[in-house]
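Colleague: Sequences listed follow chains A, B and C, in order. Residue numbers for the first sequence follow my numbering, so the first one is 1 and each next one is one higher. Residue numbers for the second sequence follow my numbering, so the first one is 1 and each next one is one higher. Residue numbers for the third sequence follow my numbering, so the first one is 1 and each next one is one higher.
Warning: the hint list may mix true and false statements.
[Claimed, not checked] Ranges between beta-carbon positions, derived for each pair:
#1 A/ILE164 with B/ALA385: 26 to 32 Å
#2 B/GLY75 with A/GLU4: 32 to 38 Å
#3 B/ALA22 with A/GLY93: 57 to 63 Å
#4 A/VAL23 with B/VAL377: 54 to 60 Å
No lab work stands behind these hints, which were simulated from the structure alone. For glycine and all other residues, C-beta sits at the position ideal for the given N, C-alpha and C.
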Amino acid sequence: MTLEQVIFILVSFLTLGTGIVVVTNRNLFHAALAMMASFLGVAGLYILLDAGFLAAAQLLVYIGAISILIIFAIMLTRRMMQAREASFNSQSGLGLFTAVATFALLAAVIGQFWWGVDAFNGRPDVPDTVLQNTVSSLGKAFVSPEAYVVPFIVASVLLLAALIGAIYVAWPTVHAEDEA
Amino acid sequence: MSFNIGEFISSIFDLTAGDYLASVWGTEPWVSVVLDILGILIVATIPLLSVFFVGLIERKVLARMQDRIGPNRVGGKYGLLQMFADVVKMLTKELLVPAGADKVAYFLAPILSLATSALLFAVVPFAPGVIGTNLGVGVFYVLSISSVSVVALLLAGWGSNNKYALLGAFRAVAQLVSYEVPMILSLLVPIILASSMSTMEIVEAQAIPFVIFAPISALIFFVSSLAETGRSPFDLLEAESEIVAGFHTEYSGMVFGLFMAAEYMGIMFMCFLFSTTYLGGYRFFGLEEIVVGNGFQLGRLLGLFITIFKGALVFFVFMWLRATLPRLRIDQLLNFNWKFMVPLMLMILLTVALLDRLILDYIPQVGDAGRAGIHLVSNIIIGLAGIEVLRRSARRQRQRHNTTSTVLAVAENEGAPIFVAAEVEPAYGHDDHGHDAHAPVPAH
Amino acid sequence: MQSEWQFIVLFVVIAPLLAVAPILINWLLGPKKPNPIKQQTYECGVETVGDAWVQFKVQYYIYALVFVIFDIEAVFLFPIAAAYGQLGLFAIGATAVFIVLLADGLLYAWGRGVLEWI
Chain A
1 MTLEQVIFIL VSFLTLGTGI VVVTNRNLFH AALAMMASFL GVAGLYILLD AGFLAAAQLL
61 VYIGAISILI IFAIMLTRRM MQAREASFNS QSGLGLFTAV ATFALLAAVI GQFWWGVDAF
121 NGRPDVPDTV LQNTVSSLGK AFVSPEAYVV PFIVASVLLL AALIGAIYVA WPTVHAEDEA
Chain B
1 MSFNIGEFIS SIFDLTAGDY LASVWGTEPW VSVVLDILGI LIVATIPLLS VFFVGLIERK
61 VLARMQDRIG PNRVGGKYGL LQMFADVVKM LTKELLVPAG ADKVAYFLAP ILSLATSALL
121 FAVVPFAPGV IGTNLGVGVF YVLSISSVSV VALLLAGWGS NNKYALLGAF RAVAQLVSYE
181 VPMILSLLVP IILASSMSTM EIVEAQAIPF VIFAPISALI FFVSSLAETG RSPFDLLEAE
241 SEIVAGFHTE YSGMVFGLFM AAEYMGIMFM CFLFSTTYLG GYRFFGLEEI VVGNGFQLGR
301 LLGLFITIFK GALVFFVFMW LRATLPRLRI DQLLNFNWKF MVPLMLMILL TVALLDRLIL
361 DYIPQVGDAG RAGIHLVSNI IIGLAGIEVL RRSARRQRQR HNTTSTVLAV AENEGAPIFV
421 AAEVEPAYGH DDHGHDAHAP VPAH
Chain C
1 MQSEWQFIVL FVVIAPLLAV APILINWLLG PKKPNPIKQQ TYECGVETVG DAWVQFKVQY
61 YIYALVFVIF DIEAVFLFPI AAAYGQLGLF AIGATAVFIV LLADGLLYAW GRGVLEWI
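Only chain A is shown next, with the shape it has when bound in the complex:
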């Protein structure tokens, strides 16, 4: 077994094991912690796939920002934070359906690439010089007209909409300045 395979097995166990903890643990805060560990595992998988930038982005966005947002959301509601509620409620059937549907969709998409790849004999050998330039190729692709410039601008509009929408929902129209 190579070092790479050992790391892959450890990282997979980390990702899946903590994933199970996330859904079974009744202490919401601990579930959030386990979720962060799971995200870390996913970052490890990205590193194994030679996607270092994506791994760093995973840490920055998912652990550094979204997890904190989720913990804040947990803390905003006192009752939820302390109650050790049951993991299942009346919507568990719907949840199961969504999970299975998402899995099927992902499996179908990944399956297109899977067939014909000899996954058990290591990855195709990509020279390091190509790998080192993936980030700048990505950057170029974001803003070149023959690649992804339209999705890129649409993404920024989407982000703007998310920001405005979130503020609109979270911020009362009559805010404290008027009260004071």
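Given the coordinates of chain A, work out where chains B and C should sit on it, guided by the hints.
Modeller: Structure of chains B and C alone, referenced to chain A:
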């Protein structure tokens, strides 16, 4: 090639020991693993151990600035062993866990804090070719690791089962998360100028240090690095007059020591990062390229000293500010960030990106110096405009202050004691932690 | 796995050990005599009332939210900045549009008074 002890020792002195061992041991897979582990131990433990030294220096320098002597008993005249004595004391303290604490979070917090601080040093270029690992995404890696360290504070605050710790953690997270935005934007400027994210390549691109290209951006980076490390005047996360010691109120002994060490390592790292991205890192007029004798790379050793010297210079400013400036208030802190630094930095970022392209495309004959000059002028213009905006807003605030003081003066004439007027700060009164007498219970 | 990331992966494994070791030494060397008074939460000498829960201010949530947006913006901007040398004016213009759109979001938050600390 066989192992030769003399060559090995010489390779240690010119900081090429790793390359030498690699050439002796060959190219089997285990060699890279062993070399990496050796490198990790060096990269992680040397900053950790130099906390002893840096902590002592800070105490001595602060003491001198405040007209004191500082540590002067343990370890001779200069208190050289003071920090060792402190660590021995910390190690022999009882490991206290407060009642009702969440033990997982309580112990995970200092571990995560120290681990992330150590991980940051993996991409610091200490000298030419001397770097933990030359990641292609170096600067981005730094940002992602330091954003993970924010989680540690939240864990500490939550795990301690203490009101002050929780309040401190909330505050700390709001501060760190907010100041990460100008830090991200100001780190983009050197990346644009060097056209690379690797710390090593950013240093290599600085024939002229980037601080000359973009002094305002460097200043913003410096300010946000002060805030990111929780240093004065941004040390709100441990404002002892308000929230005891902030998120580490309940920590004692070595567990507290770990937070302390992580903090100092974070400061050291920020100093190195500033010198890497803006001050030219290990470069100093070609001094870092000297090779003497039969291939002894003196330049590498000199490069190490240059890096440490530049880092120490930045650290001195850190200490100087700590001795000089009072603490900001949380509303001032956040307003300054979101309403001044972020818009200003966005402006600078757009200008630098556009201007650099125009220079490179249309007037490449001006060379590096001309490019630096044009950027410098545009940066200074934006900076001056920013200062003007600040001045106007301050004037507006003063005017508002004056009108409210008139009301108070009237109250004074009607027999109110004079100290009432002195104690009330009308212009800020309503937003100082934000609560009028009739407002609901403090909501943090 | 690229060779440059092998270092980081090993470092991630080793770094927590650096922190665990001092805690273990402390646990071995320190006295172990816990008592209820000693373990009380520190509140400047006053006995603790209730649990550590304090009302959480929605403001923190908003700041975190704005931060998430800027964070995702950074993920887009960093590769572009790293490819800067190979970009043309059109690309810079597209990036400028991207930044300006996000700045609009900041302006909206400002205008709504979200950034006011109250």
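Colleague: If a hint holds in the structure, say so; if it does not, say that too.
Modeller: Each hint tested on the structure:
no.	hint	result
1	A/ILE164 with B/ALA385: 26 to 32 Å	holds, 28 Å
2	B/GLY75 with A/GLU4: 32 to 38 Å	violated, 48 Å
3	B/ALA22 with A/GLY93: 57 to 63 Å	holds, 59 Å
4	A/VAL23 with B/VAL377: 54 to 60 Å	holds, 58 Å
The earlier numbered hint that this structure contradicts is number 2, and it is the only one.
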